[in-house]
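A.B. asks: Each protein sequence line maps, in turn, to chains C and L.
Heads up: the first sequence runs through residues 1 to 135, numbered per the working numbering.
Heads up: the second sequence runs through residues 1001 to 1104, numbered per the working numbering.
Since the hints were derived computationally from the structure, they do not count as laboratory data.
Hints may contain errors.
Some chain C residues close to chain L (C-beta under 7 Å, calculated; not the full set) [said to hold, decoys possible]:
# : residue
1 : Phe4
2 : Tyr126
3 : Ala128
Where a beta carbon is used, it is the ideal one built from N, C-alpha and C, also for glycine.
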Amino acid sequence: MAIFDTLGISGSGLMVHRKWLDAVSDNMANVNTVNPYDAEPFRERLIVAQSVDYGSGEGGVRVARAEFGGDPQGRVVYEPDHPLANEEGYVRYPDIDMGDQMVQLLMAQRGYQANLAVIERATSAYQAALQLGKG
Amino acid sequence: MTSPIGGIAPIGIGAVSGVAGAQTGTPAAQGTDGFAAVLASSFDRMAGLQASADGMAAQAATGDLKDVHDYIIASTEAKLATEMVVTIKNQAVAAFNEIMRMPI
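For reference, chain C alone in the conformation it holds in the complex (with noise of 0.2 Å):
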């Protein structure tokens, strides 16, 4: 338990947060990724975060690891046009919901902010118990 413990406690959130994002992103990044029939299409990242025992560790959270959602055969598609696509046609297209995506950007870019504000917030009150010192 260190003096500005707040300030690191906060950083943890800012990091899963943050790894959310990236998350977030690279669900994004690849919502158009076609793969062939016969291979896997890409899969929606998940981060699962886990909490750090303040009693008896240094609080805050930490990403525990990250998992695979949505559903594994994806979403197929029939173009018989595309290069990848089989004899029948058929492309693999990954499951990821926008809607569902778009949602979870906003949750982690509001949970970012919200630890950013505790780093203020704590500062100043730090600054002003300092301020004690000074009269």
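We have chain C already, so just place chain L on it with the hints.
C.D. replies: Relative to the frame of chain C, chain L by itself:
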């Protein structure tokens, strides 16, 4: 002249042991040098924070910085630690001056 300095030591320990002692875990506050040792350990800690902030600044300049907020937090921490050490120093000097002004 030595008795006023001896009078400062408990003030310094009381002011600093709650922060530097709890932080570093070292029994510097109980050392024989009293306030000087505490102030020195506080300066060491402050120098460490400033060094890590400087390292992050270099990373930001070279493009190796992965998280922007890490640098901001490190610099904020260094700033706060500096302000704290300066405040404690000012308090100790004020106490010392107060004692020196004591009419004997």
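A.B. asks: Does each hint hold? Answer for all of them.
C.D. replies: Going down the list of hints, with the structure as the test:
For Phe4(C), the interface hint holds, since its Cβ comes within 7 Å of a Cβ in chain L; the closest pair sits about 5 Å apart. Checking Tyr126(C) against chain L: minimum C-beta separation of about 5 Å stays under 7 Å; hint holds. Checking Ala128(C) against chain L: minimum C-beta separation of about 11 Å lies over 7 Å; hint violated.
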